[in-house]
Every structure is written in structure tokens, then in C-alpha cells.
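First to last, the sequence lines map onto chains A and B. Read in order, the letters of the first sequence correspond to residues 4 to 142 in our numbering. Read in order, the letters of the second sequence correspond to residues 4 to 142 in our numbering.
Hints may be right or wrong, so weigh each one.
Identical copies go unnamed one by one, so any copy, or any two together, can satisfy a pair.
[Claimed, not checked] Taking lysine to any residue and the SDA-like style, the derived pairs with C-alpha atoms no more than 20 Å apart in a straight line are:
id, residue 1, residue 2
1, K98, F119
2, K98, G34
3, K98, Q46
4, K98, L28
5, K98, D65
6, K98, G76
7, K98, P27
8, K98, E30
9, K98, S124
10, K98, R31
11, K98, G37
Just so you know, these hints were derived from the structure itself, not from any lab.
Number of protein chains: 2
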Amino acid sequence: MVPSPFRSLHHLGIAVPSLEEARPLYERLEGVSGSLPEELPDQGVRVLFVGSVELLEPLGEDTPVGRFLRRRGPGLHHVAWAVEELAATLRVLEKEGFRLIDREPRRGAGGHRVAFIHPESTGGTLVELVEAPRSLPEP
Amino acid sequence: MVPSPFRSLHHLGIAVPSLEEARPLYERLEGVSGSLPEELPDQGVRVLFVGSVELLEPLGEDTPVGRFLRRRGPGLHHVAWAVEELAATLRVLEKEGFRLIDREPRRGAGGHRVAFIHPESTGGTLVELVEAPRSLPEP
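So that you can see chain A by itself, here it is in the shape it has in the complex:
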């Protein structure tokens, strides 16, 4: 195997019409209480974490998650892997021919540096990369 900059699944994004309606189910599945909601205006979403699950509620119909809900209904939206050096990883992926939605890291939930890879180059799965230094505990 080529050594990989990736480490482990970081979280799973699930699109829902309402954070508050979806929260109890995922608290039941994960066995922990959810976080306070956080608004990410540049991504057009409100999010909250329940363990390894990120629930995403659109801020409007004409947002990426709003269009996803209209087209496909609620459900699995993206999967995030942890990486150590996000900017360097993006440069490597771009050279390998991956189609990046974000060529540079941007700010995601919880202040993490994140970037998305287009589903076109991942066989249909929207992949997020989250910079998480190895020394910090994972959520």
C-alpha cells in the first residue's frame, strides 16, 4: 500500500429537515446527548453533533443541503475522514486527479479546518476531510 495521509472515519453527515426533530433518534443510537446547534452561514446549514453523527438542517431551500433534501429526501449526506495535514493532502489529491470542491481548507463545524471532495471523483459519495492533529482526541 502507498502510505496514506488519511486516518479514520471522523463523522457521518445526515441531512434532516429539522435538527430538533431528528435529535432524539440519534441520541438513542449513539447513546450520548447532542451538542448545541451551530450555524454555518457560508455552507447554508445549521448543524449539531451526536457522537459520530453530524445532523445538517438547511438554512433555506436554495442551499446545498436544501437541494439535497428536495432531490433525495432526508438521509446520509456525506462521510468525513480525519487527516493530519489538510492543505498538503489537498495538493496531493489534486495532483492525483481528484475533483476538489475546496482547493484550500475552510472553516467547518467546531472551528475545524475542512474541505470537500466532489462525489464525481469518489464514485458517488460526498467526502469531507477534517484536519485533526493526531495528538488531539477525536470527537
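Given chain A's structure and the hints, the job is docking chain B onto it.
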């Protein structure tokens, strides 16, 4: 919180047209080699694991994963949580009003006992439960 029988995300199921074509991407993301493919005729799929990702290739068009691919294209298919006592958990969930696809555990990949919960009662996400005793290492 009510104590939960659930523990942690066990794996993530991704529907693909071809295991062999999808394998290199997920080996890249997970940084490990994939397992040998395993055929599960009663679920109509061939599967292989790459770390925490289960890739699913349909055995025919008229199978659950075959219909999923035709309707939605390749991508995130289900998410699996580990539970300790699957049969007991299913009885509790049924009493709580969850719509179960499997009312009793059945054999899944790797010989695990598994059961599925209908997306109708989980806000649109197909949820699998995998019996994984706490003393055994997780995949």
C-alpha cells in the same frame, strides 16, 4: 439520557456498481487493504470491507442494492451501529415503535448477526445493527 444498548458506529455501507473498480479509492481513504469479497446471496450482494467501509455490489438488478443504484446512483447506502445483545435490542426497539426490516437477527457479512431498521422510522437512513460483544476487537 436513557441508557442505550448501542455503542459505536460499526461500519458504513456504500453501494457501488463494481467492488473491484471502487476498491482502490477506499483503500486510499482508509489507508488499509480491502478484504476478500464475500457473497451474501440472501441479501443479493457481494461485499468487501476496507477498514470501516463496506462496499456493496448487487448480484442483480432486482435486488435491494440493484434497485438503490438504479434509483439513486452509487453512494452512501446504510450505516451500522454495534450492539451487544441484538435479539433483546430488537424487542426493545419494536416496543418503542421502530419499524424493523428484520425482527430477528440474521447472518450478515463475516458471520456477524445483523438486523436492519426501516428508513421510515429513522428519518430516512437505513440503519443496520451488528452484534459485536464488547470483549471482541472491532473491525
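Each hint tested on the structure:
no. : hint        : in the structure
1   : K98 to F119 : within (16 Å within a copy, 40 Å between copies)
2   : K98 to G34  : between (41 Å within a copy, 18 Å between copies)
3   : K98 to Q46  : neither (26 Å within a copy, 39 Å between copies)
4   : K98 to L28  : between (41 Å within a copy, 15 Å between copies)
5   : K98 to D65  : neither (32 Å within a copy, 39 Å between copies)
6   : K98 to G76  : neither (34 Å within a copy, 26 Å between copies)
7   : K98 to P27  : between (43 Å within a copy, 16 Å between copies)
8   : K98 to E30  : between (40 Å within a copy, 18 Å between copies)
9   : K98 to S124 : within (13 Å within a copy, 43 Å between copies)
10  : K98 to R31  : between (42 Å within a copy, 14 Å between copies)
11  : K98 to G37  : neither (38 Å within a copy, 24 Å between copies)
Hint compliance for this structure: hints 3, 5, 6, 11 are broken, all remaining hints hold.
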